[in-house]
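S.K.: Residues per chain are reported as follows:
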Amino acid sequence: MSRYRYSVYGIGVASDAPLALPAYTADRLADVECVTAAAAGPLADLTQAGPPHPRSWYRHASLPDGSTYVRWDGIGEFVVAADGQRITHRQLNASSFESFQVYMLGQALSFALVKQSFEPLHATAVVVGGQAIAFLGDNAFGKSSLAACFLEAGHQMLTDDLLILRPAADGVIAYPGPPRIKLFRAVARRFLGEAAHRGGMNAETDKLIVPIDGDRRCSHPVRLAAIYTLAAPRDACRRTDVSIEPLSAREVFFELIKGTFNRRLISRQRLERQFSFVGALTERVPVRKLLYPRALDRLPEVRSMLVADLQRLTFLD
Amino acid sequence: MTVSISNRIKAAPDVLFRLVGDEGVLLNLRTQRYLGVNPVGARVWTILEPGETIQAAYETLLREYDVEPGALRLDLDRFIGQLVEHELIESADGDPT
Numbered sequence: 001m002s003r004y005r006y007s008v009y010g011i012g013v014a015s016d017a018p019l020a021l022p023a024y025t026a027d028r029l030a031d032v033e034c035v036t037a038a039a040a041g042p043l044a045d046l047t048q049a050g051p052p053h054p055r056s057w058y059r060h061a062s063l064p065d066g067s068t069y070v071r072w073d074g075i076g077e078f079v080v081a082a083d084g085q086r087i088t089h090r091q092l093n094a095s096s097f098e099s100f101q102v103y104m105l106g107q108a109l110s111f112a113l114v115k116q117s118f119e120p121l122h123a124t125a126v127v128v129g130g131q132a133i134a135f136l137g138d139n140a141f142g143k144s145s146l147a148a149c150f151l152e153a154g155h156q157m158l159t160d161d162l163l164i165l166r167p168a169a170d171g172v173i174a175y176p177g178p179p180r181i182k183l184f185r186a187v188a189r190r191f192l193g194e195a196a197h198r199g200g201m202n203a204e205t206d207k208l209i210v211p212i213d214g215d216r217r218c219s220h221p222v223r224l225a226a227i228y229t230l231a232a233p234r235d236a237c238r239r240t241d242v243s244i245e246p247l248s249a250r251e252v253f254f255e256l257i258k259g260t261f262n263r264r265l266i267s268r269q270r271l272e273r274q275f276s277f278v279g280a281l282t283e284r285v286p287v288r289k290l291l292y293p294r295a296l297d298r299l300p301e302v303r304s305m306l307v308a309d310l311q312r313l314t315f316l317d
Numbered sequence: 001m002t003v004s005i006s007n008r009i010k011a012a013p014d015v016l017f018r019l020v021g022d023e024g025v026l027l028n029l030r031t032q033r034y035l036g037v038n039p040v041g042a043r044v045w046t047i048l049e050p051g052e053t054i055q056a057a058y059e060t061l062l063r064e065y066d067v068e069p070g071a072l073r074l075d076l077d078r079f080i081g082q083l084v085e086h087e088l089i090e091s092a093d094g095d096p097t
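Chains as they are written, first to last, in my numbering: chain A, 1 to 317; chain B, 1 to 97.
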């Protein structure tokens, strides 16, 4: 029985074990139950599931009943029910509970969200002047580092790495994620002054999991003012200037399609839904391309330009 | 699929189209391939998709755009070729594709 109840991404999460999440609120978009699996025995019958994913420490398999098995070596394994309403999980011995929660409430939960017809974006968002701005980009594009620079200036964290959006009468609403941010040690020290003793994410990276609490986080949904797609570091590495560039409507569409979370789950139904969702988002939210040299000491300049750009957008709105 | 100027063509099954701004995006749900088109391409699609002949589309475009006829014909042929390559269109004449 799930004794603990929380809210994250606008979703009600019921759990049989305590989680580092905000308290439950009655106003929510959907529900997911997280259930601890028995200590022994296989979590799922994978004999019909086909060969493992080529990436050695990650495995993903579709099961005959429509559920999905996901595993990260050294972290945990999960079975996400076909309807997305339940995640059965087992933490693996090598992982910290912090690290395990990051994967359960990010990657594993994304499978549940997609099965419940949500379209999460691979984005990090902060709140500036009461509105959210989102940074869209693949892993290691600098989304979290840029967000940390905003936190340094007193702005609030909304969500790191996974963003849930919903249309509303006067725009698009962005929902708060778990109260933490994943940062490389040097970035955490530079912008948050954090001691280098936080938990690591996994053995493959030296990223830390840094809690964000109190006034540093925004715990309620806010209107989304703009999305900035981050150029890949390899495309920006020779730049000396910071620029915010316009995108044509179809460029925006394709940037948003590329930015949808968990592209492993592909089905006709999902493609149709994405086409509609992203098409609508293209029409409702300004999206611009952000290019900047990847040096930590340039991020305050990037922050200033984004705040100025947001002020122009707000004035024109 | 081979096309001539007198062919009527239509959207292939499982193809989605959406205007975004004054441009367009197409998705073939079966092949999972996308194609983005500029404003002229979006206009061509909206003319052709209901089952118009390529010749009629050409004449409509010639009236709407200030363009040299030969250049328009070349661009139209190129665009039709892209749509065929992406399996986004099929014959509306009942001809085998």
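Calculated from the structure, these hints are not laboratory results. Be careful, since some hints might not be right.
Per the computed footprint, the stretches of chain A lying under chain B, defined by three or more beta-carbons under 8 Å from a beta-carbon of chain B, are [as the list claims (entries may be wrong)]: (1) 65 to 73; (2) 239 to 252; (3) 265 to 273.
Even for Gly, the Cβ is constructed at its ideal location relative to N, Cα and C.
S.K.: Please write out, lowest number first, the hints stated earlier that are contradicted by the structure.
M.R.: Result: hint 1 breaks, nothing else.
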